[in-house]
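Residue numbers (the numbering used here), protein chains in the order written: chain A, 38 to 484; chain B, 140 to 393.
Honestly, I wouldn't trust all of these hints.
Within a straight-line C-alpha distance of at most 16 Å, the following computed EDC-like cross-link-like pairs (lysine to aspartate or glutamate) qualify [stated by the list, open to error]: (1) A:Lys306 x B:Glu147; (2) A:Lys306 x B:Glu144; (3) A:Lys306 x A:Glu341; (4) B:Lys241 x B:Glu310; (5) A:Lys367 x A:Glu164; (6) A:Lys306 x B:Glu150; (7) A:Lys366 x A:Glu125; (8) A:Lys367 x A:Asp160; (9) A:Lys366 x A:Glu217; (10) B:Lys367 x B:Asp287; (11) B:Lys367 x A:Glu164; (12) A:Lys366 x A:Glu408.
Ranges of calculated distance between the beta carbons of each label pair, as one might list FRET restraints [said to hold, decoys possible]: (13) B:Arg353 x A:Asp163: 38 to 44 Å; (14) B:Arg353 x A:Val82: 41 to 47 Å; (15) B:Asp358 x A:Glu394: 58 to 64 Å; (16) A:Ala251 x B:Asp346: 54 to 60 Å; (17) B:Val202 x A:Asp244: 35 to 41 Å; (18) B:Pro269 x A:Pro268: 43 to 49 Å.
None of these hints come from the bench; they were simulated from the model.
No residue lacks a Cβ here, since even glycine has one placed at the ideal position from N, Cα and C.
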Amino acid sequence: MTATQNDPYAQASDTAEGRVFTVTGQDWDSVVAGVAEEAEERVVVNMGPQHPSTHGVLRLILELEGETVTEARCGIGYLHTGIEKNMEFRSWTQGVTFCTRMDYLSPFYNEATYCLGVERLLDIEDEIPEKAQVMRVLLMEINRISSHLVAIATGGMEIGALTVMTIGFRERELCLDLFELITGLRMNHAFIRPGGVAQDMPPGALDQIRDFVALMKKRLPEYADLCNANPIFRARLEKVGVLDLSGCLALGLTGPPLRATGYPWDLRKTQPYSGYQDYDFDVVTWDTADSYGRFRVRLAEMWESLRIIEQAADRLAGLEGAPVMVTDKKIAWPSQLAIGSDGMGNSLDHIRHIMGESMEALIHHFKLVTEGFRVPAGQAYVPVESPRGELGAHVVSDGGTRPYRAHFRDPSFTNLQATSVMAEGGLVADVIVAIASIDPVMGGVDR
Amino acid sequence: MSPKEPGEFPEVTPGTEDDATDNLPENTLPVEPEALAPEVVEVRRGMFGVTGSGDTSGYGGLVRPVTMPGGTPRPYGGWFDEVADNLGAALAEAGLPHAVEKVVVHRGELTLFIRRADLLGVAKLMRDDPALRFEFCSGVSGVHYPEDQGRELHAVYHLLSMTHNRRIRLEVTCPDGDPHVPSVVSVYPTNDWHERETYDFFGIIFDGHPALTRIEMPDDWPGHPQRKDYPLGGIPVEYKGATIPPPDTRRAYN
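In isolation and in its complexed conformation, chain A is listed as follows (with noise of 0.2 Å):
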């Protein structure tokens, strides 16, 4: 009686192949059995896309000898929406509530390569006031954080430590708290707009953020000393997922896979954008080129975040009350909102200047939020220095009112390339460190 015989949606079957067995748990010596009278072939074990190790709905198809990979592959698609096609049908600005939603893990990226492009093809790059631009780099460092909190806590849990998930989720409850207080939401926020941000800090944030960065200050020490020095952890992380500078640049892989080669490239201290030569950070880099590497680098950039985080709340604390949007009201969004006691809404100031004062006001309105403005015809391509690495969106205008193309080069879609470099040769349970040090995230993956 094997297992698969109990279970009439996993049946061993013959197919062109040989036969199939799925393992659903509990039933490792039928499989073993089953295997053992086709001692003489190959065993392709499919892993995914619904496994709780493989970061996301990614399928791997692994071909193993004993324990050790002789062959993997990805197979993804399986969160592909067609975001990028959806954008071409919306307004520039609603772009923006699209492209959040691809890499759920690092939104604030998303929207400000985005936004970039599209303020590159409108030539207003210089215009951007320097509040927004501060509170970009914050929003984009408190993500950096939680991002990396994740990437920390996933590739904790999936070799076992549970400890490492569970705090890493702690903290980064926290930043999800700071995005809520300042864009009103906790993923998906639409914050970063061509021309600036959506609105203003609301009162108390500044404390929030340095009651959040004192915090974290005290709790970052304990993933080090949970993990830096522990010998599970590094016996599972050193010499695995291996990847030299090299191989990195050949396979596009950039981020802390390519800092942990020690080549020190990152896009905000190299090509600054949103005023990132005015931060005084440093750029983390290891020279192990492997998995604990990656973990290290992630580790010590949210310690540099942090730095950066406290130099803009301090500059932001010197920026009360300064405009937020480009003063070109053919692009600025016209509905002021606000956050009042039912959420975030219209300020009521906006719809009674609108409704009761001026028929021009209306007008403006209206053509802005239905129709949009226009972005002169070209192509821009503006990366940013995501959590993953170079994220970038190639924009395409033709002259309308809406993008004609927009594609997103995820650091998610390069660097997972790389996963049958890093993983044949290795045993199967090597497999998932590896993939975990390169972080991907599958809603960036497909798109």
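Following the hints, put chain B in place on chain A, whose structure we already have.
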């Protein structure tokens, strides 16, 4: 020798101070005058998007040519000229003197239109020539211009030189009836998945790709979804008695 400190990278510099397409250099003779004309990719008729005609109603039947930025004459400005010189010399040496169709400088970004037969050779030079050294490719993106006769499909490559801290864009066109572009996977292995994605979404066939299969859509999916002739789809949604049409049937202002 790779930099060990962030400060050791050369400073990133804009290739050009002003928008070079806006300059009218009377003294510069363009090599091929037709390459400098703005590229009309489509002519639209409708009620929106035309300025300066005096017709604010749109009922006169507005005609709007969709023009992409045209070629830029020398000097391009900044390091753009240096790259163009180095590439020109390398191409002449490699026996591909006519590889570059057109050079566009727009919004401070340099785009080289490459004849598709020469793409692989250009990519090799771009990566290997020490004066160019674009060792990093950010992938390929497709664009579909259905009305641009004979140049319907564009493949756009973004290259990055970490050595010189420069970015450049290569653009290749191919007609819809013959959607073939040489694969650059042998030069930039990172383009493996990117080319599969562009094939999946646009139907551009990258000749020489090791395994050009669909990557995002199911293997048996009909059509290529990002093409302009592929409908977005969707159904009307009813909410509180009102019906909201699917996005691709709503009024467009393009």
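Take the C-beta atom of Val202 of chain B and the C-beta atom of Asp244 of chain A, compute their distance, and say whether it sits inside 35 to 41 Å.
At 57 Å between Cβs, range violated.
Are the Cα atoms of Lys306 of chain A and Glu147 of chain B separated by 16 Å or less?
The hint holds at about 11 Å.
A range of 58 to 64 Å was offered for this pair. Does it hold for the Cβ distance of Asp358 of chain B and Glu394 of chain A?
Hint holds: Cβ distance 60 Å, inside 58 to 64 Å.
Between Lys367 of chain A and Asp160 of chain A, is the straight-line Cα distance small enough, at 16 Å or below?
With Cα atoms ~13 Å apart, Lys367 of chain A and Asp160 of chain A stay inside 16 Å; holds.
Run the distance test for Lys306 of chain A versus Glu341 of chain A: straight-line Cα separation, threshold 16 Å.
At roughly 13 Å apart (the allowed maximum being 16 Å), Glu341 of chain A and Lys306 of chain A satisfy the hint.
Hint consistency between Lys366 of chain A and Glu217 of chain A [alpha-carbon to alpha-carbon, up to 16 Å]
Cα-Cα ~27 Å, so violated.
Can you confirm whether the C-alpha distance between Lys241 of chain B and Glu310 of chain B stays at or below 16 Å?
holds (10 Å)
Range hint compliance [Cβ, Ala251 of chain A to Asp346 of chain B, 54 to 60 Å]:
Once the Cβ atoms are compared, 58 Å apart, the range 54 to 60 Å for Asp346 of chain B and Ala251 of chain A holds.
Restraint check for Lys367 of chain B with Glu164 of chain A, where alpha carbons must lie at most 16 Å apart:
violated (34 Å)
Would you mind confirming whether the straight-line C-alpha gap from Lys306 of chain A to Glu150 of chain B stays at or under 16 Å?
holds (9 Å)
Decide if the proposed pair is consistent with the structure: Lys366 of chain A and Glu125 of chain A, CA atoms, cutoff 16 Å inclusive.
violated (24 Å)
Is 43 to 49 Å right for how far apart the beta carbons of Pro269 of chain B and Pro268 of chain A are?
holds (45 Å)
Violated hints, in rising order: 7, 9, 11, 14 and 17; the structure is consistent with all others.
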